[in-house]
Each structure stands twice: as C-alpha cells, then as structure tokens.
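Listed below, chain by chain, are the residues.
2 protein chains.
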Amino acid sequence: MSAHVRLIGLDWGTSSLRAYLYDVDGRVVASRRHAWGIRQLPEGGYAAALQAITADWPPCIAVAAGMVGSRQGWLEVPYVDVPADAAAIAQGARRVEACDTHALWIFPGLRQQAPANVMRGEETQVVGALTQQPRRGAHARFVLPGTHSKWASVSDGRIVAFDTWMTGEIYALLLQHSILGAGVSVDHAKPLPGPAFERGLHDARASGDAGVFGRLFWVRALMLNGELAIEDVPDFLSGLLIGEEFRLASLRDRGDSAVPLCLIGDASLCQRYATAAAHFGYTAPTIVEDAAASGLWQLAWAAGLLAQAPSFGFFGVHA
Amino acid sequence: MSAHVRLIGLDWGTSSLRAYLYDVDGRVVASRRHAWGIRQLPEGGYAAALQAITADWPPCIAVAAGMVGSRQGWLEVPYVDVPADAAAIAQGARRVEACDTHALWIFPGLRQQAPANVMRGEETQVVGALTQQPRRGAHARFVLPGTHSKWASVSDGRIVAFDTWMTGEIYALLLQHSILGAGVSVDHAKPLPGPAFERGLHDARASGDAGVFGRLFWVRALMLNGELAIEDVPDFLSGLLIGEEFRLASLRDRGDSAVPLCLIGDASLCQRYATAAAHFGYTAPTIVEDAAASGLWQLAWAAGLLAQAPSFGFFGVHA
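Those protein sequence lines, which keep their order, are chains A and B.
Residue numbers for the first sequence follow this note's numbering, so the first one is 176 and each next one is one higher.
Residue numbers for the second sequence follow this note's numbering, so the first one is 176 and each next one is one higher.
By construction, these hints were calculated from the structure, which means they are not laboratory data.
None of the hints are false.
Beyond 12 Å from chain A on every Cβ pair, some chain B residues (computed):
no., residue
1, Val199
2, Asp200
3, Gly219
4, Thr229
5, Asp231
6, Arg270
7, Asp362
8, Lys365
9, Ala371
10, Val434
11, Ala482
To give an idea of the interface, some chain A residues facing chain B are shown, with a C-beta separation under 10 Å as derived from the structure:
no., residue
12, Ala291
13, Thr322
14, Ser382
C-beta atoms are modelled at their ideal positions from N, C-alpha and C, and glycine is treated no differently.
This is chain A alone, in the form it adopts within the complex (with noise of 0.2 Å):
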C-alpha cells in the first residue's frame, strides 16, 4: 500500500475524527474514523490520537481542517476572510510544530464579517464539492445540513458569503429539554421521515413573516388539539425548523431560486434538505457526499505542500 502513497487528510471536528489515506493521483485507498472529536480526545490528546488513527500508515505529509485549528484545537490557525477560494484558504494553512510523528498542516477556516459568521471544516467541504462539480463553481449555493447548518454562495469559485442556522442543536435541545419534547421518543432507526415532516415544511412556508417563535408553539398546541400525534412531533418540528431555513433563504433569494443548490453531508439529513428544496421551488439539488476527503487533497494542492514532496523519493518509498 505504501507504494503510492502522498498523503494522509485529517477532518478533524467537535466529536468525530476521520482520516484519510491518499495514493499519488489522490485517490483515497484507506479511510478511519473514530469518535476522537477535539472534545473527546485519547489519553495522550492530540498526538496520541494522530499516531493511533494513522498507525501502520506510512507517514507522509498529513493536512487536517476543522475544529482542531480552533482556539480550542491543537493550534489555533486565524480565520481567513471571505471572499476567498481554495488558494486563499490553502495560504492560511500553518505547520503544528508540537507534532513529532508527521509534518502536519491546519487549514484555517473563514470569517466573514458582517453579519458576523465564521466556519470551520465546511469551507474544506466546500472547496471539495467544487472539485466535484465544477460547473457548480460559477454561481451557486452549498448547503451543509448539520448542528449547524451552513448555507454557502460560491461566485467564481470563490465562498463569497455564507449564513448559519443552527437548526440542528436546537431541534436536539427542543426535543430533549423543552416542553415540546415531553413525552416524546424519537425512534433514531425510522430512515425516512412521514408526512408530518412535509406538513412541517407547508405549516413553516404558510406562515408568512411570523417567525420561528410563534410557530414553535403550534408543536404544543396542535397536540394539546389532537391535530398532531405525538410520535409525529419530530418530523413536524424538522419539518418547520427546515423549513425556516428555506423560508428565509428564499425570502433573500427573492424569486432566483433558480440558483443551484449543492447539498453536502449526511446522506439521509440531505434528502430531508431535499425534499424542503423541492418543496420551496428550488431546483433538484445535487448531492455530494465525502467532499472532506476532496477538500483536503485539493487543498494540500493548493498550499504547494503536494509539489514539494513528491511521493517517491522522498520518504525513500516507490514500487
């Protein structure tokens, strides 16, 4: 394996590590995960971590994006401002020193200003998705659906300006903590939402300029009326917290929802952002999943970091 071998590519977040291993054309041969997220690190903390999730990996060049360039991360690397492009997030890159076992690089992530936003790892993503689908690259919006969710307008290929809702964590803290969970369980293994997930979306895009407040309430209410079962209150809520999004994003769109959308992520939280897609009159979405994996590379790329250590040679390895 070690032959063709060039790099290995960190997608290193909150709660989950994944590594990847690429040969010299970039392919992934190897790929590792591990609940090793930079809150819930190994004994021995990062460098332990590294050294377990590459062990019997050759040690090449390794890149890593995400929340381990974060005040909180092994090195915190500034952010970069948008607008910028691969070349620009790839300039901000800096070298972890404390690392012993592999010249390691962190990408930055973005800042933009105002409105105030920053993101971390989803811009990688980002880059990932356009190498993907580069016609996307000239105008379009990347959605990345999670805790929270980024909505990204590329131009050029370059990010020129993104939003976050963070319609997952509350989803997760109304169904867990509020009274719009009581009494509800979520069944975690149904793999497609009901019908209360679309009447969700219709409820949240009837609802005018009312906002988010007023129809959170409705959970209670309508259950309190009989009119929702109350193993449906967690289609219905996603359905009107997704649904909010779009509201809002086709409020500023305002009728272009002719531009394409590009959803990146989670195979099934991306059809329900689909279904919402539809259900709003956007264009059928593309779907791109492991655009980590492909953000990394071509990032790596971009930072010179590949051109600089060919893969045979230099770590004395070649078929």
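Take the given structure of chain A and dock chain B to it, following the hints.
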C-alpha cells in the same frame, strides 16, 4: 381575620403555587407562595398542597387558574375558545369533586384554533389587568413575558387572539445547553441589563427579515471575533430574543404601534420588555403586577360564586 373573609384564590402553575385570601371587598388580606407547582407536589398531592398552603385560613370557597386545570393537573378543564371575555371564561369553570376541604372550582384556559395556540393562567392575569386598567379594554395588547411569553390582543373587553413565543425557555436552553453558552456564567443577581441588551435589540431590529436563526449564531461569531465579551453574552442574547418578539410583533402591527401595550408580570422582566417597546417605537407600556390576584377575584364574581356564597351566614362567621 376570618370575619370579612370571602374567597381563596389559587394561581397554580407548573412550578409554583400562590394562594390569596380575599375580604368581602376583594382585597387581598393574606397571600402565600410555595414551590408546589403541578410538577413538584408534596406527598399527598394536590389535596395536601391545598391544605398546607391554606392552613389557618377559614374554609371559604376556592377558585384556581393555571396548569392545575390541564391534562396533567388536578382536573382537566376544557379550553374555552377565543374570542372570550371574563364571563365566557367563568362559565367554563369546573368543580373539583375530589376536593374534601374546600368548595373548589378551576377556571379553564383559552384556545385559539388557527394558528393553533393555548394558554392556561395567563387569561386570568389579563382579566385582572383589565380590571385594574379598564380603559385598556377597548383595544390593547397585553404582554406577559416569561418562559412562554404571551401576547394577547384585547378588543371591547374580550381576548380575541394571542401569540406564544418560547423566548424564556429558548434563552435558558441556549445558555445552558448550546454552543452559545459555552463558558458563560449568568449573574442572576444583576438587577438591570447592561448595554449589550440594547445592542441585541438593535441587532434584532436591524436584521431585516433574516430570522432569529441566522442571528443566533452571531453571538458565537462576535465572541470569537473579540467583538462581544463573554460576560455580555446573556444580555446580548436576551436582547436578540426579546427584540425578535418585538420585530415580528411590529411587522404584524404594520405601523399600528400606537396600540397601547400593557405588561404583566415580574418587574425586572417587564422592565426589559418596556425597554424593547421603546426601542421598537411603541408608546410607553403600563406595567401591572399582581394581576392574577385581581383576575381570580373577578372570575369568581363572574362565575356567580360570590353571589351564591355571601361571607356572612353561609360559613357561620361574621364579626
């Protein structure tokens, strides 16, 4: 004391129980408060709580409002639909047959069909505030800040419609459980909000139709950027969330911000809402305290319970 005593009123919510003892003129001659809300009853349940909180009080007729009349309460009292005035609410009262110590009636809450909404207890406070502010009855909006903040529109003495904002609950959830509260400690002893509160109001107002989600993550981004001190996070978030209520309320009022606002509730919270009202161009609101006590008396009167049971003779006590 028992000579002129006529009624016991119970404001019985989720987390507290407050009891009032009235004289024949409806003046409160004694009041007690305990943490025996319907979620934390003493051993012996409702009956024990009632007996303990009215210990040494003469056994007169008792009336109650609040979550004690919910499905999880002592006796479920069906909602009355809006529009409703004091007489309509009073007519919905149900007697608690299971109460051995008092002739006890519980008043219903109010229900709005579309958009679906419910309240229990706040209707009694609005009735009480209307008694104290009869001029307001023609056309006014009553605002009851709290865990679930209620905005009730009153016309000709009837509650015609209302909204619920989960402002207080969401504020607490975000500070206690979300990324926004990471590292933040709330100074509950602080009597007045600092300038960060007004900054939150301003940012909510300036946000156009971007919605609360996008603004919520600002809190994090501004903090990371060094533009918001960590100790200012609670006030800023409070300003954003309360500002969101007023931003959307003023959208609905569409320039009709001359509608008189009446605030009901905790003095320091009402002060925050009064500041927000001024910020959003509303005329200075009146603030009503102890509205529940007036409302319970008023509803008992409207239900004919006071006429049926004069203080002299019926209980055999007279000065």
